[in-house]
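Go by the hints and put chains R and G onto chain P.
Residue numbers (numbering that gives the first Met the number 0), protein chains in the order written: chain P, 0 to 405; chain R, 0 to 166; chain G, 0 to 162.
Bear in mind the hints are in silico, worked out from the structure with no lab data behind them. The C-beta atom is built at its ideal place from N, Cα and C for all residues, glycine as well. Hints are supplied without guarantee of correctness; some may be wrong.
[Claimed, not checked] Derived pair list, reagent style SDA-like, types lysine to any residue, alpha-carbon separation capped at 25 Å:
| no. | chain 1 | residue 1 | chain 2 | residue 2 |
| --- | --- | --- | --- | --- |
| 1 | G | K84 | G | E96 |
| 2 | P | K356 | G | G28 |
| 3 | G | K132 | P | L41 |
| 4 | P | K356 | G | S25 |
| 5 | G | K38 | G | G142 |
| 6 | P | K97 | G | V63 |
| 7 | P | K97 | G | T23 |
| 8 | P | K190 | R | T49 |
| 9 | P | K356 | G | S22 |
| 10 | R | K86 | P | L22 |
[Unchecked claim] Covered stretches of chain R (chain P as the covering partner; in silico rule of three or more C-beta atoms under 8 Å from a C-beta of chain P):
| no. | segment |
| --- | --- |
| 11 | 34-43 |
| 12 | 150-158 |
Listed below, chain by chain, are the residues.
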Amino acid sequence: MTEGVAYRKEAEALDMQAEPMILNIGPSHPATHATLRFIAELGGETILKLTPEFGYLHRCFEKESESHTWTQVVTYTDRLNYVSPLMNNVGYAMAVEKLCGIDVTERCQYIRVIISEFSRIIDHMVCIGTNMVDLGALTNFWYFWKPREEVYMHLIEPLTGTRLTTGYTRIGGMAWDLPDGWEEKARGVIKNVILPAIADVNALLTKNRIFIERTMGVGPITPKEAIARGFTGPCLRAAGVPLDLRKDEGYLVYDRFDFDVPIGEQGDTCDRYMVRMEEMRQSVRIIEQALERLPGGPVNIDDPRFGLPSKQEVYTNIEALMNHFKHIMDGVQVPVGEVYSATEAANGELGYYIVSKGGGGPYKIKVRPPCFPLFQGMPHLCEGGMIADLVAVLGSVNIIAGELDR
Amino acid sequence: MAVKREKDGAPGFLTTRFEALLAWGRKYSIYPFTFATACCGIEVMGAFGTHYDLSRFGAEVVRFSPRQADMLLVAGTVNYKMAPVLKRIYDQMLEPKWVVAMGACAASGGFYNNYSVLQGIDKILPVDVYIPGCPPNPEGIIDAVVAIQKMLETGAPRAAERWPIKI
Amino acid sequence: MAEERKSVALEKLVGRFGGDIVSTHSEFGDDTALVRREKIVEVCTFLRDDPDLVFDFAMDLTCVDYLGEEPRFEVVYHLYSLAKKRRVRIKARVPEEDPVIDTVIPVWVGMDWYEREAYDMYGIVFRNHPNLKRILMYDQFVGHPLRKDYPKARRQPTIGPEE
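If we strip away everything but chain P, and leave its shape as in the complex, we get:
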């Protein structure tokens, strides 16, 4: 704001009538990924004041979830952060399981870790790819899109049946177990597709002078400011704050794996990019360790209150049929109470606050989206910079409108 004041004072001193130009960026704009809108007051190319506006993709996740059963809400959670839908499913299932007080089987926990880490890798690939498209480096987008297609074709589609909107987790486990040969394909995809793509993009960008000049020093933030604004995830770690829920809270079986958490220094766009690239490599490490130690055993807990009975029994046994009917029509019966459960999604802390009054469906679910405080912090990151820097910062902060608007 002081920029605006200084601008007006300068204009008065020169005895000129001057007003900053108001530029509307979005909501349908190639650089604002999907539906974000900025109203920028400009003095030349410098941004004096930035007002972000969103809500163009508000799809009423909360209101819809109030009229559906617990398992039906899983399909709505896919569409929150639609570039890494498996992580949203896992976070929701963990929250409801915390409310029910059940522990899932070991195999289920390992599988959840593996699919979360694959989702994290593809999310970072989209972020960096689209960020680079906005800066003009289109090749990286194609380099990163091929691994995404491979992960979809060989891993996610055989596993869940669809490419994007997966809906794979259930309360008390997963919808079904891994198909045969999935582990081998996963290792193959990592070795033959993901690691070479990361190496290619690294070779193109990290030491590239144009990239460095475009991103270094652009949109910096201090640790204190980042914490006050509620930043989490790679943007916070790029600012130098070592907060990673996988290490600090150790949910699922993350405490058994050996991985590092990359921390940046200045919190600018270049740091955010470097943190994401390194996180992808660390995710590959976690997946390799998890695939090696993947235990056998059942994937769902053996509790008739939560899992559907097997089809064999449903077709032959009346009690199993009634159990199945009750599960589908009424939903899983969950105790009364409220719970908040957070996981480390690709963008930061994804929290689910669930209020239950018993019964088959939730009373209220609030999703704490990681992008919300990041988008709120955009004025702080961009004011004083230029419009071209706004584009670079917006891409690096990775706002997904589905999550922001819910």
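Using the frame of chain P, we list chains R and G on its own:
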């Protein structure tokens, strides 16, 4: 199109050849405007990617300005806040233009039946092709582009010509 | 139960504020404290500044509509401490006929938009908020949609492009 017709209104030999040439040129150079709002936007990016290459069908030049595009590809949920923006973009496009509604949300609101989601973009725009799916496979987008090409080739009437639909 | 061990955060809160903390519980592993709404800024400032607690992260602010109960709304704050790796939930009840509560922006700057969203969706007015406008719905929207008495499938008039 400024082409000469015979006295009884039927096109003559040269006119039909010319129109066929025009249609051939048009159908292999569709410029899409991807109005990508939500998850379908990711599948649109997949369709333009290297695996499901849409440039085989000529529609690879994506234009982000409505003045330069002729196919509006609405991918994703449109809600009441976004609807005026979409209508304005549609109005800014120049004739002839085609509209493709991609995905369940653009076609009919999807599984979002609530106070904020427009139940299908055909409430405000004439739609030529609907692509079912949530999200549709990129092959669905290719199918839609081929359908638009067929419409161009045969000169089929566009949805805009019977808009607005009065019930 | 009075003899069950409270966590550090809840004990300090009760020790400092006494009767203003209406109730506490730690069900499902989450420390929760229901406070009186007049004291919310003091409680939050204490939680942020106390050297044993250091709740410097404001993770979430939301509101729950308990239709049928008096007071009807409950504003819920989720906080996280980076140094102590602890979470706490603070709740404050707000009645329907006077849905006003003080803003906590002076304590954590990042709560700005969360409060605007609670206003937009539930109609809670945050006193001294610098910019209390609708954030998710468009400006001409009438009503507060996440209240329990707002029907889910109410259709809005399609507004045309602005002139």
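| For which of the previously enumerated hints does the structure constitute a violation, in increasing order of number? | 1, 5 and 12
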